[in-house]
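The residues making up each chain are set out below.
There are 2 protein chains.
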Amino acid sequence: MEWISKSNILIVGLGLMGGSYAMALRRLGYHVTAIARRQETIDYAVAHEIIDGGLAEPDPELIGSADAVIFALYPGVFVDWVRDNQQHFKPGAMLTDVTGIKRCIVYDIQELLRPDVEFIAAHPMAGKEVYGVENSDDRIFHNANYIVTPTKRNTPQAVEWCKSLGRILGFRKVSVLSPEEHDEMIGFLSQLTHCIAVALMTCSDNRHLVDYTGDSFRDLTRIARINDGMWSELFLKNKDALLRQMDLFAGEFQQIRELLAAEDREGLREKMRLSTQRRAYFNPAPR
Amino acid sequence: MEWISKSNILIVGLGLMGGSYAMALRRLGYHVTAIARRQETIDYAVAHEIIDGGLAEPDPELIGSADAVIFALYPGVFVDWVRDNQQHFKPGAMLTDVTGIKRCIVYDIQELLRPDVEFIAAHPMAGKEVYGVENSDDRIFHNANYIVTPTKRNTPQAVEWCKSLGRILGFRKVSVLSPEEHDEMIGFLSQLTHCIAVALMTCSDNRHLVDYTGDSFRDLTRIARINDGMWSELFLKNKDALLRQMDLFAGEFQQIRELLAAEDREGLREKMRLSTQRRAYFNPAPR
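Protein chains in written order, with my numbering: chain E, 1 to 287; chain V, 1 to 287.
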């Protein structure tokens, strides 16, 4: 049984992801506290035994008692929170996060951070189409990937600690990428696919088609139920990489359109064969 | 327990869909024969008790003994087959099909058909990413839609017969659309989504990303494994409707791209909220 040091853990931001982290860590025997925006969130999480305790404000004592702090905030408020409250961190504390984009977060925080604490960034690629602490569910980690994104400033000890955290949370696969590699990858695999799903739902009023919808369409648009506050921020903070991926996709889609318009059957078949061949690498899911 | 008249059933074309029809109908007690291109297909289906018997040629006696004929052929060969072999149909025989597009098939066949037999078209919206009689599986019908596409030439009796067929095969929902409504709907729900999945796989060499792939991407590209022979034909034969749907989608996708490029967060959120709202109609699947 693996174990991580830093057993007094504070979660900052108690939504779906923060709550799911808390649930998993508390079950493993760690002491888990939380800071949330609203007192009701803390009350709910305490009543449902998701956390041991918490507060609706950045209390110096609560922050100072944590060996490790996990940030599950929107990217826009995350950097400010650290700037405003870092004087309270316990010396030697380990900080990590769950943010879905990395370049715009990691360097800023490492730049402004006190030298006696360390921030090692991670992205748990898990989620649901619902949010809020009430939907916390640590089973979402079990078939998901966990990516640690260190920079040159990070120590090998912190990288190892963060990988251990991913493993004890139950992620299927733990890997390491640079913040730049991460953001390009997430632009393609996650953000582009969300753009596509949204465009598919908004391009025409298709509600009358619900009776004829098969599994393919449902699968393709499952992610079209999207938390607009969070995702618009993630898109904007990864704008360059996402625009690049969108243009690649749109260009390819247009090529397929031209093949169809020209009734170039062999050209269409060529695309379909390449697609089938590439998709085979992704299937079946390695579980 | 529902029952359909025409209990001696011939399946023409014994692939995944023809085989799955045969499997379900034989299990219900109908006498099921088949005509396939290759003798091995017939041998396999007989050995695995999918059919009662069959031949690898359009045998006049076999055709003439069927009360009902179900065509599970590619659209390109379907019309020719009927033209070449219709002299053998039993007077009063009922014909139906499984073709995924309707306008280019239904009118041509009804136009050339002997007046003493009737063709009532249907589209079982079920499938798999694999094909061939060896993959026959009538469970694919259970969560799927079945659409009857009658024209003015069809009798109410034939429409009822065809709806009964869909119900006894075990489809979740049986409905009726005109061939034109059907092709527009299928252009959006099925063909456009396949184009998107293919473009997503072919727009860049993404095999190195397999390690980071989550369920969203897998769901979105499941249909990127595509039977290029069949789908290229379905695309071309529904070209006008599919191009229309592709242009609608591409225009909307481009709008989202422009909102992102302009950093118009409120505009992005607006699209995401509309998407979320529309997607709610499609979820959960009415089972």
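Certain hints may be false.
[Unchecked claim] 30 Å max Cα-Cα, derived BS3-like pairs, lysine-lysine:
| hint | chain 1 | residue 1 | chain 2 | residue 2 |
| --- | --- | --- | --- | --- |
| 1 | V | K152 | V | K239 |
| 2 | V | K152 | E | K128 |
| 3 | E | K173 | E | K152 |
| 4 | V | K173 | V | K128 |
| 5 | E | K128 | V | K239 |
| 6 | V | K152 | V | K90 |
| 7 | V | K173 | V | K6 |
| 8 | V | K128 | E | K173 |
| 9 | V | K152 | V | K173 |
Honestly, the hints are just simulated from the structure, not real lab data.
If any of the earlier hints don't hold here, list their numbers in rising order.
-> Of the numbered hints, 2 and 5 do not hold.
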